[in-house]
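J.: Sequence:
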Amino acid sequence: MKKFLIAGATSGVGKTSATLGIISALVEKGYSVQPYKIGPDYVDTKFHTRVSGHASRNIDDYLIPDDDTLKYLFEKDTEDIDLGIVEGVMGLYDGLGSDKDAHSTAALAKKLHLPVVLIVSGKSISTSAAAVVKGFVEFDPEVNIAGVIINNVMSENHYQLIKAAISRYCPQVKIFGYMKFDQTLQLPSRQLGLVPDQEVHSVDQKIAGLAKIVQRNIDLEEILKVASDEKLDYQGTFSKEIRKLKVNPITIGLAQDDAFNFYYRDNLELLKDLGITLVSFGPTNDQQLPKVDALWFGGGYPEEQADKLAANLQMKQRIREFAKEGKPIYAECGGLMYLGNDLVTDNGDDHQMVGIFKGTSQMTQRLKKFGYCQAIPQQDCFIGLKDSKIYGHEFHHSIFTPDPQQGPTEILTMQKYRDGKLASQWTGGYQFENTFASYLHIHFYQSPQLAKAIFSSLGVI
Numbered sequence: 001m002k003k004f005l006i007a008g009a010t011s012g013v014g015k016t017s018a019t020l021g022i023i024s025a026l027v028e029k030g031y032s033v034q035p036y037k038i039g040p041d042y043v044d045t046k047f048h049t050r051v052s053g054h055a056s057r058n059i060d061d062y063l064i065p066d067d068d069t070l071k072y073l074f075e076k077d078t079e080d081i082d083l084g085i086v087e088g089v090m091g092l093y094d095g096l097g098s099d100k101d102a103h104s105t106a107a108l109a110k111k112l113h114l115p116v117v118l119i120v121s122g123k124s125i126s127t128s129a130a131a132v133v134k135g136f137v138e139f140d141p142e143v144n145i146a147g148v149i150i151n152n153v154m155s156e157n158h159y160q161l162i163k164a165a166i167s168r169y170c171p172q173v174k175i176f177g178y179m180k181f182d183q184t185l186q187l188p189s190r191q192l193g194l195v196p197d198q199e200v201h202s203v204d205q206k207i208a209g210l211a212k213i214v215q216r217n218i219d220l221e222e223i224l225k226v227a228s229d230e231k232l233d234y235q236g237t238f239s240k241e242i243r244k245l246k247v248n249p250i251t252i253g254l255a256q257d258d259a260f261n262f263y264y265r266d267n268l269e270l271l272k273d274l275g276i277t278l279v280s281f282g283p284t285n286d287q288q289l290p291k292v293d294a295l296w297f298g299g300g301y302p303e304e305q306a307d308k309l310a311a312n313l314q315m316k317q318r319i320r321e322f323a324k325e326g327k328p329i330y331a332e333c334g335g336l337m338y339l340g341n342d343l344v345t346d347n348g349d350d351h352q353m354v355g356i357f358k359g360t361s362q363m364t365q366r367l368k369k370f371g372y373c374q375a376i377p378q379q380d381c382f383i384g385l386k387d388s389k390i391y392g393h394e395f396h397h398s399i400f401t402p403d404p405q406q407g408p409t410e411i412l413t414m415q416k417y418r419d420g421k422l423a424s425q426w427t428g429g430y431q432f433e434n435t436f437a438s439y440l441h442i443h444f445y446q447s448p449q450l451a452k453a454i455f456s457s458l459g460v461i
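Position 109 of the sequence shown, counting from 1, maps to 109 under full-length UniProt numbering, and the rest follow consecutively.
Just so you know, the hints here were simulated from the structure itself, not pulled from any lab data.
There's no promise every hint is true.
[Stated by the list, open to error] Straight-line Cα separation of at most 27 Å, DSSO-like style, residue types lysine-lysine; simulated pairs:
1. 225 / 212
2. 110 / 231
3. 291 / 324
4. 327 / 308
Input sequences plus hints: build the corresponding full structure.
T.: Below is the structure:
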């Protein structure tokens, strides 16, 4: 598998549009493409999957701190893949704090030996674009910036001016081409990033339009020449340890509809590889739970489906009964919002939810928590032992407030570190019987200890 990484000089420079256009154009040429997304994002990966026909993987060295495991996951199931195309996150050198190597796209490019195609915006700029490129190339010589694409160009003449400047001041940098700005092809956004692909009007036509721009103005053959075919060196230690477990062949119900759909592919595949059966159900419209041994509610946009979720009385009752029977339920972010008493949307409407946890989720206009954090359980719980460290991320506009009289007690101390210093601390995470919910998103490949803790709580082991 040949591979390369598409990174941006900044956020909002058009990485995803460029990535989708390039993947689509290469698929049309007959290449099989395995897409990846650096960081914890759930939405971009859905676009990748849609256009490539292969489920995109998240590559994140905060959620998965072991380099051996990262390399194993990167090359897992790629025997029949021609190209691995990785989309970066934020700007190339942006990560956690001010350290350019702290969980940045650049850090992953070095760990995975990926040549970088840098996306630079041509909006309101000409010769200064050369200074941007020169700065990025010289900032960290260990990062292999193989070439650049100029996005948001207004005309052919505009591109030629930028190209001449880069060629003059950065002659060693290849210029692969440009993408002209087209308002009709812009992908819409909402509070958690891009609007999910299934909700975007004429999404396939937009992606086809991006592919045509790429085919017309970007030299794909030159990009493929700089792609790396270097084989990564890894042992797959995590996988070997997990496969030694004695597994109970249970069935897990996976909430999967327009309200709940944020799941890491690797988490699902890990369970399937162990012999666990995953059965999807839709809390929004289904009246009955499938016959399962445990339930899993991922994140998503329950606030967008709040009226339907509230109106589905039978489903809410079945979930309450499931919890009262002591069967395992695991919920992340949107799942927490659904399992509480009420969900108040940003227009003030109050919708009754399942009610396992006595408290209210209130949507707000601003991000309440954003980014990487670590959780420290204050007691043994569903996801780990007391005082263990669990790495994850939070990204939400809502606040869950426990009822003062009946509400659950927070069992996790949450911490965010930046440049080695504690930047903020708060509490979260709730457990009732064998039901656990928090805003924290977790990758099971973080460590064998974390995977075993969650598997034990679910009844997998």
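J.: Could you run down the list of hints and mark each one as holding or not?
T.: Hints versus structure:
Simply put, residue 225 and residue 212 have alpha-carbon atoms about 21 Å apart, close enough for the 27 Å limit, and the pair holds. As the CA atoms of residue 110 and residue 231 are separated by approximately 14 Å, the hinted pair is consistent with the 27 Å bound. A threshold of 27 Å between alpha carbons decides the hint, and for residue 291 with residue 324 the separation of about 16 Å falls inside it, so the pair holds. Distance hint between residue 327 and residue 308 is fulfilled; the C-alpha atoms sit about 25 Å from each other, no more than 27 Å.
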